[in-house]
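Student: Okay, here's what each chain looks like letter by letter:
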Amino acid sequence: MNNITYEEQTKITRAIIKAAVLMLEFGAESKLIEDTAQRLGRALGVDSVEVSLIPSAIVLSTLNNNQTQSVTTTRRAHHKPINMSIVCDVQKMCIDVEREKKDVDYVFNTIKEIQPNHYNRWLVVFMVGLSCASFSYLYGADLNGFFITFLAASVAMYVRHVLAKKQFVLIISFGITAFVATLIASTSQIFELSSTPNIVMTSSVILLAPGFPFVNSVLDAVKGYLSMGWGRWMQALLLSVATSIGIILAFALLSMRGW
Amino acid sequence: MDSLLATYVLNAIFAAIPAVGFAMVFNVPRNALVYCAIGGAVGYTTRFVLMDLNIPIELATFLASTLVGVIALYGSRKYIVPRPVYTIASIIPLLPGTYAFTAIINLLQMNAQGVSPELITLFIDNGLKAVIILSGIGFGLAIPSLVFMRYNRPII
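Chains as they are written, first to last, in our numbering: chain S, 177 to 435; chain E, 9 to 164.
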């Protein structure tokens with residue numbers, strides 16, 4: 177089985193890196209990317225797969241014929257909004273290939289057919305509004321505060337959706353969303369609608385907390401992917417700064433100071 | 009006693025909602041949403057109970073996310089879904105988002121209004137809390153798989 181020609185090995189390498197790039201772009205953990213690439217490689221019949229990850233690209237080598245035949249390729253990864261359903265699909269495909277001994281063409285076809293599982297836009301808007309309102313409850317807001325948070329967060333989520341659809345850079349859309357959320361939430365302080373305006377304002381921007389990159393960065397770092405850890409930390413920090421600038425701009429417009 | 013139980017149940021429900029809501033933003037597959045809700049409720053309730061026992065928030069968060077990580081490890085073997093898909097949604101209610109934003113806003117205020125001891129105190133307070141809670145969450149989630157990583161290797 178070890179007599180794979182150079183062309184076949186190149187094709188296998190292309191299939192593996194396609195799967196790996198999909199996982200990196202949609203926010204999978206580094207350990208998961210490397211494990212999936214190596215399992216796919218073994219299942220498709222190469223001796224070993226070596227992966228080198230940096231935040232913006234993947235370098236991948238496959239070795240075969242007693243490590244005398246090596247194919248290396250590089251792909252750039254453009255970061256997209258996190259989408260776990262695609263990561264799940266790639267993982268499922270990897271397991272299918274392992275168990276049912278599928279071939280390379282199966283990998284190419286499956287990857288071509290992977291579609292993001294999009295939830296209804298209004299359902300997401302409603303659920304995120306409710307989530308932020310739940311946060312305000314957990315932090316101890318009153319009933320009025322609960323409803324203002326719900327309104328502010330829902331509108332903010334809608335704005336974020338519109339900006340995401342027009343494909344703005346994440347930093348810009350986070351800043352604008354935070355600005356809108358703070359403007360609406362600050363009515364609780366200006367018109368004294370709620371007795372806990374600070375909680376309302378903090379919990380209505382919590383939908384912008386970049387929890388996923390932050391947690392991923394710690395997970396990557398403790399599992400030995402230090403540069404990925406730093407990269408994701410920087411990305412999350414930039415998003416937080418963008419959000420804070422949006423909040424500060426809203427404060428400046430309303431001439432308020434601090435929370 | 010009844011009212012205490014009621015508080016726990018209410019908090020668990022209100023922690024499960026954000027877990028599901030944010031899981032939808034990350035496009036978690038439909039059949040994993042239930043586990044996100046359970047994970048969110050378990051994580052938050054554990055932290056709440058531990059904080060009632062006078063354990064500081066950092067340690068309580070670490071223990072709570074370790075519990076979520078251990079549960080998720082056994083869950084992911086049963087239903088073939090990569091773990092981060094629902095662990096990260098489950099610990100969303102524990103995230104120190106407010107601390108992080110307050111810290112950065114304090115930093116920007118220091119630039120705009122001039123540095124004052126109060127602002128520095130606020131900044132260090134919030135920033136430290138955010139970073140320590142966040143590393144607590146990360147380590148807690150990573151510990152179960154780190155233990156397994158050692159087992160994969162021969163000890164000698």
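These are calculated hints, taken from the structure and not from any lab test. Each residue gets a CB set at the ideal place from its N, CA and C atoms; glycine is no exception. Among the hints, erroneous ones may be present.
To be verified - Partial chain S-side listing against chain E, Cβ under 8 Å, derived:
| no. | residue |
| --- | --- |
| 1 | V304 |
| 2 | F311 |
| 3 | G316 |
Stated by the list, open to error - Simulated pairs of lysine-lysine, DSSO-like, Cα-Cα distance not exceeding 27 Å:
| no. | chain 1 | residue 1 | chain 2 | residue 2 |
| --- | --- | --- | --- | --- |
| 4 | S | K341 | S | K194 |
| 5 | S | K277 | E | K137 |
| 6 | E | K137 | S | K194 |
| 7 | E | K86 | S | K268 |
| 8 | S | K341 | S | K399 |
| 9 | S | K268 | S | K399 |
| 10 | S | K187 | S | K399 |
| 11 | S | K277 | S | K341 |
| 12 | S | K278 | E | K86 |
| 13 | S | K342 | S | K399 |
| 14 | S | K288 | S | K277 |
| 15 | E | K86 | S | K399 |
| 16 | S | K342 | S | K268 |
Student: Against which earlier hints does the structure fall short, listed by number upward?
Tutor: Of the numbered hints given earlier, those the structure breaks are 3, 5, 6, 8, 10, 11, 13 and 16, listed in rising order.
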